[in-house]
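J.: Residue numbers (my numbering): 1 to 177.
To be clear, the hints were calculated from the coordinates, so they are not data collected in a lab.
Since this is a predicted model, take the numbers as computed values, not measurements.
Among the hints, erroneous ones may be present.
As the list claims (entries may be wrong) - Straight-line Cα separation of at most 20 Å, SDA-like style, residue types lysine to any residue; simulated pairs:
no.	residue 1	residue 2
1	LYS64	ARG80
2	LYS64	PHE20
3	LYS176	GLU127
4	LYS176	VAL154
5	LYS144	PHE47
6	LYS64	ARG100
7	LYS101	THR120
8	LYS176	PRO164
9	LYS64	ARG36
10	LYS39	PHE128
11	LYS64	PHE23
12	LYS101	LYS144
13	LYS176	VAL122
14	LYS144	ARG63
15	LYS101	LEU172
16	LYS101	LYS64
17	LYS39	GLN150
18	LYS101	GLN150
19	LYS176	THR116
20	LYS64	VAL154
21	LYS176	PRO152
22	LYS101	PHE47
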Amino acid sequence: LAYSRTVNRPEFREIARTGFYDFIRYELVGGNPDLRSAKANNYDIRFEVFPTAGELITLSAFRKHITNAIEEQLMFTATRTRTWFNSPRAVNDGWEIEVRKGLAFVSNYFAETNVTFNYTRVFSAVEFTTVEGNSQTTRTVTAKRPMQGQSPYVMNVSILFTEPTMRTSLNLLYNKY
1 LAYSRTVNRP EFREIARTGF YDFIRYELVG GNPDLRSAKA NNYDIRFEVF PTAGELITLS
61 AFRKHITNAI EEQLMFTATR TRTWFNSPRA VNDGWEIEVR KGLAFVSNYF AETNVTFNYT
121 RVFSAVEFTT VEGNSQTTRT VTAKRPMQGQ SPYVMNVSIL FTEPTMRTSL NLLYNKY
């Protein structure tokens, strides 16, 4: 069982004031002088089994509470402008499984070959406010959505083969998110 917390740093009022023009997206990118540093509290629990030397099976669960999460925002003013804002609260919950297995049971030739599999599932939510309505009836609404840039899953597969006579290694990797 583990708990960690980011170190509190003094708030800087001038984190991102400058702006520039993005020639790829054809929009302005504006800074936000009121942007604050995000703070996170992390909670983890992990169960590990080591069947033989170099092999493992793990199962873990995690939760991350984020205050002042930084999210991107597109503003439609006279010119289309992208900037960033602080969301009051965000959370990442999830679980992970990892398995590393040696292939010596196939033959002695594969004694130094390992297959590793890792899968992480993430459920994220960020709170934000938006304005709904028209020119006569407007209201500010607090809503939730997945965090920007947070993949709902990550999967990694690796096969590490070491040729026993030449001592040359080959590692094949696969990643999907």
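J.: Regarding the pair LYS64 and PHE23, is the alpha-carbon distance no greater than 20 Å?
T.: violated, 35 Å
J.: So if I understand the rule, the pair passes when the alpha-carbon distance is 20 Å or less; does LYS101 with PHE47 pass?
T.: holds, 17 Å
J.: Hint check: LYS176 vs PRO152, CA-CA at most 20 Å. Holds or violated?
T.: holds, 11 Å
J.: Against the 20 Å threshold, does the CA-CA distance of LYS144 and ARG63 hold or violate the hint?
T.: Roughly 17 Å between the alpha carbons, so the hint for LYS144 and ARG63 holds.
J.: Can you confirm whether the C-alpha distance between LYS101 and THR120 stays at or below 20 Å?
T.: holds, 18 Å
J.: Run the distance test for LYS176 versus VAL154: straight-line Cα separation, threshold 20 Å.
T.: holds, 6 Å
J.: With the threshold set at 20 Å, check whether the alpha-carbon distance from LYS39 to PHE128 stays at or below it.
T.: holds, 16 Å
J.: Take the C-alpha atoms of LYS176 and VAL122, compute the straight-line distance between them, and say whether it is at most 20 Å.
T.: Distance ~14 Å between LYS176 and VAL122 Cα, so the pair holds.
J.: Taking only the CA atoms, is the gap from LYS176 to PRO164 under or equal to 20 Å?
T.: Not satisfied, since the Cα-Cα distance of roughly 30 Å exceeds 20 Å.
J.: Within a Cα-Cα threshold of 20 Å, do LYS64 and ARG80 meet the stated pairing?
T.: violated, 33 Å
J.: With the threshold set at 20 Å, check whether the alpha-carbon distance from LYS64 to ARG100 stays at or below it.
T.: violated, 26 Å
J.: Hey, LYS101 versus GLN150, does the alpha-carbon distance stay inside 20 Å?
T.: violated, 29 Å
Consistency note: the structure conflicts with the earlier hints numbered 1, 2, 3, 5, 6, 8, 11, 12, 16 and 18.
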